[in-house]
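Colleague: Those protein sequence lines, which keep their order, are chains A and B.
According to this note's numbering, the first sequence is numbered sequentially starting from 1.
According to this note's numbering, the second sequence is numbered sequentially starting from 405.
Source of the hints: derived by calculation from the structure; they are not laboratory data.
Incorrect hints may have been included.
[Unchecked claim] Here are the simulated lysine to aspartate or glutamate pairs, EDC-like style, with alpha carbons at most 16 Å apart:
1) B:K548 to A:D303
2) B:K449 to B:D419
3) A:K266 to A:D175
4) A:K144 to B:E527
5) A:K129 to A:D15
6) A:K192 to A:D175
[As the list claims (entries may be wrong)] Some chain A residues flagged as far from chain B (calculated, every beta-carbon gap over 10 Å):
7) M1
8) R20
9) L53
10) S58
11) R64
12) T71
13) A87
14) R151
15) V293
16) Q294
17) S312
18) A325
19) A390
We treat Cβ as the ideally placed atom computed from N, Cα and C, and that holds for glycine.
Protein chains: 2
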Amino acid sequence: MALVVQKFGGTSLADADRIRNVARRVVETYRAGNEVVVVVSAMGKSTDALIDLATQISETPHPREMDMLLTAGERISMALVAMAIEAHDVPAVSFTGSQAGILTTADHGRAEILDIRAFRVQECLDEGKVAIVAGFQGVSPDSKDVTTLGRGGSDATAVALAASLGADLCEIYTDVDGVFTADPRIVPAARKLDEVTFTEMLELASAGAGVLMARSVEFGIRYNIPIHVRSSFHDQEGTWVKEETMEEPIIRGIAHDDSEAKLTVKGVPDQPGIAAAVFEPMGVAGVNVDMIVQNISSQGVTDISFTVPESSVATAVEVAERVAAEIGADGVDVEPDIAKITVVGAGMKSESGVAATMFRILSDAGVNIEMISTSTIRISCVVRGDDTQAAVEALHEGLIGAES
Amino acid sequence: MALVVQKFGGTSLADADRIRNVARRVVETYRAGNEVVVVVSAMGKSTDALIDLATQISETPHPREMDMLLTAGERISMALVAMAIEAHDVPAVSFTGSQAGILTTADHGRAEILDIRAFRVQECLDEGKVAIVAGFQGVSPDSKDVTTLGRGGSDATAVALAASLGADLCEIYTDVDGVFTADPRIVPAARKLDEVTFTEMLELASAGAGVLMARSVEFGIRYNIPIHVRSSFHDQEGTWVKEETMEEPIIRGIAHDDSEAKLTVKGVPDQPGIAAAVFEPMGVAGVNVDMIVQNISSQGVTDISFTVPESSVATAVEVAERVAAEIGADGVDVEPDIAKITVVGAGMKSESGVAATMFRILSDAGVNIEMISTSTIRISCVVRGDDTQAAVEALHEGLIGAES
Chain A
1 MALVVQKFGG TSLADADRIR NVARRVVETY RAGNEVVVVV SAMGKSTDAL
51 IDLATQISET PHPREMDMLL TAGERISMAL VAMAIEAHDV PAVSFTGSQA
101 GILTTADHGR AEILDIRAFR VQECLDEGKV AIVAGFQGVS PDSKDVTTLG
151 RGGSDATAVA LAASLGADLC EIYTDVDGVF TADPRIVPAA RKLDEVTFTE
201 MLELASAGAG VLMARSVEFG IRYNIPIHVR SSFHDQEGTW VKEETMEEPI
251 IRGIAHDDSE AKLTVKGVPD QPGIAAAVFE PMGVAGVNVD MIVQNISSQG
301 VTDISFTVPE SSVATAVEVA ERVAAEIGAD GVDVEPDIAK ITVVGAGMKS
351 ESGVAATMFR ILSDAGVNIE MISTSTIRIS CVVRGDDTQA AVEALHEGLI
401 GAES
Chain B
405 MALVVQKFGG TSLADADRIR NVARRVVETY RAGNEVVVVV SAMGKSTDAL
455 IDLATQISET PHPREMDMLL TAGERISMAL VAMAIEAHDV PAVSFTGSQA
505 GILTTADHGR AEILDIRAFR VQECLDEGKV AIVAGFQGVS PDSKDVTTLG
555 RGGSDATAVA LAASLGADLC EIYTDVDGVF TADPRIVPAA RKLDEVTFTE
605 MLELASAGAG VLMARSVEFG IRYNIPIHVR SSFHDQEGTW VKEETMEEPI
655 IRGIAHDDSE AKLTVKGVPD QPGIAAAVFE PMGVAGVNVD MIVQNISSQG
705 VTDISFTVPE SSVATAVEVA ERVAAEIGAD GVDVEPDIAK ITVVGAGMKS
755 ESGVAATMFR ILSDAGVNIE MISTSTIRIS CVVRGDDTQA AVEALHEGLI
805 GAES
């Protein structure tokens, strides 16, 4: 007997038929002798519909009320899933984030999980029942207000809950077959991975692979909970995300992210403290800076380029222009249409020359590299947005190849 | 400065425009210097949509999960109303039934309010903010599960909360102009009442006047909270429901109820204990018996007729047939198509002959009376369903008349 946490996303719960399908899967796992905790997102596009309603009411809805509103979404799906499971004569009880003891910070819309006190869920399992828990939501112990965890929040709930309950594994059911070597919409030859390591998944997620958010992987790493990312539409195995894998290929996969923009502060006096002068105010203004590149100094002045999420561009430009004036720089350039292409592989640690191969492949494909950033198991290049398709295809062919 | 509880029903909250309209009204009351608590139902027909979804999933959804599901409805409307009020720069905070301290029995779908511990609501008012409270819902302190109060639950929340907070008055905003002398859809000459007493309203509500449920009136009586039933679509005064009214007419209004069915146990041996033998098992089976009439005994046998809600007919027939067999009665007749016509007036206490006048009017209108039941300020007659219109019209004309 194992304790399994199964998480189902909105697409898997979009209507009554799909909810019945989810229930059938949960019941199978339960009848096979397992303890089952189910974590659910809101049905289909219902969260978007609620957001739309809120923006009709107010241009700047209060974040506390926005969370109160959005948490209705999982409340609906969790009750329906519980009903669908009980229709199989399997006892099931649904719990809100608050009832499941998901304690978070009070940062509405982007709360962080502080602690999980899942007494009621544990009790429910001890009574031989299936527990259904609302993903994406929690409660702030200070304000006693309900909170939401922001994007990817339901996955985070699932993995954190699995950790807290000492689950044997966490299954993330989704509308794709697993983690792929590249986005199959861009690279038709991309293939599903059977396994990736936690750190590879963390790098892929941070680099734009949308299938699993980085924060969920972090919980998996910290508590060593194997995560199985798989399709809710069939029974084939998906991708196992875990500490160690059978093989460690040099390149596991390629991710791309076109949701960032590049800013360049031009003609910066090349002297100590300049980087801090630019990036400290960015942090204060809540701008998440991703890649940073400083050019070689020429005649005492240099350029500093960095990428920020598209949603932060307006703030970032405002801050950068103020700083540029203060430090006597020439001005600020913005390039909104860029893409970050990242290759990830745990085998890269012990292999040299991967970066050079990557740059050669991009060059042969006629793709110009604007920025470069590396870590032990990752190389990221910023290219023009138009070049995304060509870059990802060429790198997939040259570094990964077709099905072996 | 007064403390006002304002309750808005689903029709008044059906879309973003109407929610903005509700907010405008709340803000006006607040800006006039009052403390305001707003109690809301779910938007428009959203509760029906959730029920429909549940029945697609399961024929017999678990009552606990049904309540979890349905409480999402007010959660959505309360958050949106709070946002709409804050858009006027008036601070507003929404509370679920649980957060507002609405403690109930654990009877899912028809919970009774046990106590109200509205500390958070009071604190919110003390901070100069508008409090929005989800109607219809509460929490069972024993099971810690959310509950719903059943039909008319939001009105009950409003009046009970008004009592608990020591409010000066409770306004029930609805889609009609107030309480009428008869249902205006049946009697075009029916007119809006400016005032009714609590006991009159209680009798009218119990007799089928849908505008305000009996349980809300009971809270009004117990804590002497004046209730103002009025339209959310314009600013005209509606109907005040309170302890004493300026005048006490003999007949205040006429209500009808076609949601009951009549059962007759035929050929019952006329001996002591027979009524108990019939009605005790009904109570055990959860059937709410309304009117009971026992015919005059003829040759040692008699007929017992009674009315039950249409939703309980199947159970009631089952019980009645079992009992009939046990006590040696001849059998059970069911008449589903009946209507109960009730005239109510506090002035009836000191006036004789009203019943006789009522029977004469019905007889002149060609309406046959099948059952009669009276209280101090009420006379009810059961007639054939087909006769509803004729009976109500004739009684309105004969007892109340046109606008004076």
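Colleague: So, for every hint listed, does it hold in this structure?
Modeller: Hints and how they fare:
1. Restraint check for B:K548 and A:D303: not satisfied, since their Cα atoms lie roughly 60 Å apart, outside the 16 Å limit.
2. Restraint check for B:K449 and B:D419: the C-alpha separation of about 10 Å stays at or below 16 Å, so the hint holds.
3. Annotation: proposed proximity of A:K266 to A:D175 is violated, straight-line Cα distance about 44 Å (limit 16 Å).
4. Taking the CA atoms of A:K144 and B:E527, the gap is near 13 Å; set against the 16 Å cutoff, the hint holds.
5. Of the pairs offered as hints, the one joining A:K129 and A:D15 is violated, with about 24 Å between alpha carbons and a cut-off of 16 Å exceeded.
6. Taking the CA atoms of A:K192 and A:D175, the gap is near 13 Å; set against the 16 Å cutoff, the hint holds.
7. With 10 Å as the threshold on Cβ separation, the claim that A:M1 sits away from chain B holds: the shortest Cβ distance comes to roughly 25 Å.
8. Its closest Cβ contact with chain B, about 7 Å, brings A:R20 to no more than 10 Å, contrary to its assignment away from the interface.
9. With a least beta-carbon separation of about 6 Å from chain B, A:L53 fails to lie farther than 10 Å from that chain, contradicting its non-interface assignment.
10. Distance to chain B contradicts A:S58 as a non-interface residue, since its nearest Cβ pair spans about 4 Å, not more than 10 Å.
11. Remark: the non-interface label on A:R64 conflicts with the geometry, its nearest Cβ contact in chain B lying 7 Å away (cut-off 10 Å).
12. Separation of A:T71 from chain B is inadequate, the least Cβ-Cβ distance of about 7 Å not exceeding the 10 Å criterion.
13. Not every C-beta of chain B lies more than 10 Å from that of A:A87, the closest at about 4 Å, which undercuts listing it as non-interface.
14. Interface exclusion of A:R151 from chain B stands, the closest Cβ pair being 20 Å apart, more than 10 Å.
15. Residue-level check passed: A:V293 sits 42 Å from the nearest beta carbon of chain B, beyond 10 Å.
16. With 10 Å as the threshold on Cβ separation, the claim that A:Q294 sits away from chain B holds: the shortest Cβ distance comes to roughly 44 Å.
17. The Cβ of A:S312 sits about 24 Å from the closest Cβ of chain B, beyond the 10 Å cut-off, so the non-interface label holds.
18. The Cβ of A:A325 lies farther than 10 Å from every Cβ of chain B, with a closest approach of about 34 Å, so its non-interface assignment holds.
19. No beta-carbon of chain B comes within 10 Å of the beta-carbon of A:A390; the shortest separation is about 45 Å.
Violated hints, in rising order: 1, 3, 5, 8, 9, 10, 11, 12, 13; the structure is consistent with all others.
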